[in-house]
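K.L.:
Chain V: place on chain U using the hints.
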Amino acid sequence: MSTGMRAVLRVFLRSLLIQGSWNYRTLLGTGMAWALLPFRPGGRSQVGENGGRPRGEENGGRAGAGANPKADPLPESRTPSPVEPESRWIARMAEPFNAHPFLAPVAIGALARVGQEGADPERIRTFRNALRGPLGGLGDQFVWGAWRPFCVVAALVAGVLGAPAWAVITLFLVFWNVVHLSLRFRAAAIGVALGFGVADAIRALALPRWTERIAPPGVLVLGLLCGLILVRGAMFAGDLSTRSIWVSGAVLTFLGGVAGGAALSRWAPTLLLFLAAAVAWLTVG
Amino acid sequence: MAQFMISRPLVSGTLAGWILGDPATGLIVGGTLEAAHLGELPAGGTRLPEPGPAAVPAVAAAVQLGGVGGIAAGLALGAGWSLLGGATVIGQRRLNGRMTLGIEEEGAAARTVALRHWGCIALDALRGCLVTGAGLIAAATVVGWMGDGQGSLGQLAPGRVGEGEFGLQVLPPILLLPGALAAGALLRGWSPSLRRAALFIAGLVAGVLIAGGAS
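Sequence lines, in order, name chains U and V.
Heads up, the first sequence is in the working numbering, so the first residue is 1 and it goes up one at a time.
Heads up, the second sequence is in the working numbering, so the first residue is 1001 and it goes up one at a time.
The set of hints was computed from the structure by calculation and includes no laboratory data.
Where is the CB? At the ideal position from N, CA and C, for every residue including glycine.
Keep in mind that a hint or two might mislead.
[To be verified] Over 10 Å on every C-beta distance to chain U, these chain V residues come out as not near it, computed from the model:
1) L1020
2) S1082
3) A1087
4) L1130
5) L1136
[What the hints assert, rightly or not] Ranges of calculated distance between the beta carbons of each label pair, as one might list FRET restraints:
6) V:W1145 - U:E212: 47 to 55 Å
7) U:L271 - V:A1125: 26 to 34 Å
8) U:R203 - V:T1141: 19 to 27 Å
9) U:V251 - V:G1213: 17 to 25 Å
10) U:A263 - V:A1109: 39 to 47 Å
11) U:V251 - V:I1090: 31 to 39 Å
12) U:R132 - V:T1112: 20 to 28 Å
13) V:E1106 - U:N129: 15 to 23 Å
14) V:G1213 - U:R132: 46 to 54 Å
15) U:V251 - V:R1098: 45 to 53 Å
16) U:T126 - V:I1090: 18 to 26 Å
17) V:I1006 - U:L161: 17 to 25 Å
Here chain U stands alone, though its shape is the one from the complex (with noise of 0.2 Å):
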């Protein structure tokens, strides 16, 4: 297995853990350092085919898209900068960070890419402000809005035509890790391959247009849930009548939710759960 290789999946199975330590005063920002600690200076792990002697600043400044850790070579002339003490390295890797998860391993990657060609620190921090953004606002968008919601309604609309509860699950966490898993892969080769160059990447990636692509299947899908819900629902509610208080009620509910949106739904589901709770207890026999 090449440097760089180890390099890429040591960034993956240190992000998958990067979250350990999030807290409200610096985010991610421990996990951040915890993460690249094997890439520090002095550290066991290199992320270049060079042993990540520096390079010129020249390249690691302009590293575009295309760059990648065959054809991006590491210079060897470059003299090393004096080394920075292990604490005060560190004490900048803890600095306030945030990032989806999914996309950390390009930050984790990128950094410790960057800090082995020895490039200056204040451009380093200047670079990790700058990926703070993107890399919380896309994942946010496609993974917990689109990405999750699209593998829970599949597996419940697998569950409710009545597929047998293994297959529901394996359903979902296939779906769910499948993307979960080659996105997180995705990002840290991008971060180890391109250093300071990752923005054109990250655009390539095209997060927004896949959340785009989720949402007509998925509002497709999720249509056909309310559909099967709605009738079977109906099935259990007793006499006509009775069926159209539980439509009508099921269909405001849900028109409660479109109006509410995510705001709503954070209590308005529990405090629904609560009352077939009191009926449930109402009705003790």
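P.N.:
Chain V in isolation, oriented as in the chain U frame:
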């Protein structure tokens, strides 16, 4: 932690049902809790309920109480325990802040950073176990309170609640309302345009036809 989604209520609830010999109830309870939280966007440090660990006691209560009423009681317990779990997540994040205090200002040795990071992970695992364990005790209490059980973990006995005519008619639809609300929120999140509204209606009609045909 690693976000493989094993701790989502759909999975943890179904697995809990499997262990208790009733995967179908586990799937219903876990799936309903999952659906109820469908519209959430857990971005950044958003404070949200934590339904994953809560699904385990919810399924335990539902299986032991039995019937539709048992599912309703289990879901209510799960909903309450999700709020409690969410509160412990906030506490855990504050504790993480204390455990890692000063690293970003004064720096630390690599070993110290690793120890503190792993310490936070271990505490989070312990928190998850405590939330689930306390939830199981609460489930035993609920079973003893609502059903025929003895109210202790070792002496659970199946009971029956909500099996009266009114309960059987009213409870199943009510249990689906949280999902309807979350589905509405999700549709809004997927930016409904006219074309998407048409797709939703097409899916809805297909669902009605499939469910009607199957019955």
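K.L.:
Are the hints correct? Go through all of them and say.
P.N.:
Verification of the supplied hints:
With 10 Å as the threshold on Cβ separation, the claim that L1020 (chain V) sits away from chain U holds: the shortest Cβ distance comes to roughly 12 Å. A cut-off of 10 Å between C-beta atoms contradicts the statement that S1082 (chain V) is not in contact with chain U; the least separation is 7 Å. Every C-beta of chain U lies more than 10 Å from that of A1087 (chain V), the closest at about 13 Å, which supports listing it as non-interface. Separation of L1130 (chain V) from chain U is adequate, the least Cβ-Cβ distance of about 17 Å exceeding the 10 Å criterion.
Chain U leaves L1136 (chain V) outside its interface by the beta-carbon criterion, the shortest separation being 18 Å against a cut-off of 10 Å. The hinted window of 47 to 55 Å between W1145 (chain V) and E212 (chain U) holds, with their beta carbons roughly 49 Å apart. The hinted range of 26 to 34 Å is satisfied by L271 (chain U) and A1125 (chain V), whose Cβ atoms lie roughly 31 Å apart. Checked against the hint of 19 to 27 Å, the pair R203 (chain U) and T1141 (chain V) fails, with Cβ atoms roughly 54 Å apart.
Distance hint for V251 (chain U) and G1213 (chain V): a CB-CB separation of about 22 Å, consistent with the stated range 17 to 25 Å. About 44 Å separates the C-beta atoms of A263 (chain U) and A1109 (chain V), a value consistent with the hinted range of 39 to 47 Å. Evaluation of the 31 to 39 Å hint for V251 (chain U) and I1090 (chain V) yields a pass: the beta carbon distance comes to about 35 Å. The hinted range of 20 to 28 Å is satisfied by R132 (chain U) and T1112 (chain V), whose Cβ atoms lie roughly 25 Å apart.
At roughly 21 Å, the beta-carbon separation of E1106 (chain V) and N129 (chain U) lies within the given 15 to 23 Å, and the hint holds. Under the hint 46 to 54 Å, the C-beta atoms of G1213 (chain V) and R132 (chain U), about 51 Å apart, fit the expected range. About 48 Å separates the C-beta atoms of V251 (chain U) and R1098 (chain V), a value consistent with the hinted range of 45 to 53 Å. For T126 (chain U) and I1090 (chain V), the Cβ-Cβ distance of about 32 Å falls outside the hinted range of 18 to 26 Å, so the restraint is violated.
At about 23 Å, the beta-carbon gap between I1006 (chain V) and L161 (chain U) stays in the expected band of 17 to 25 Å.
Comparing the model with each numbered hint stated earlier shows that hints 2, 8, 16 do not hold.
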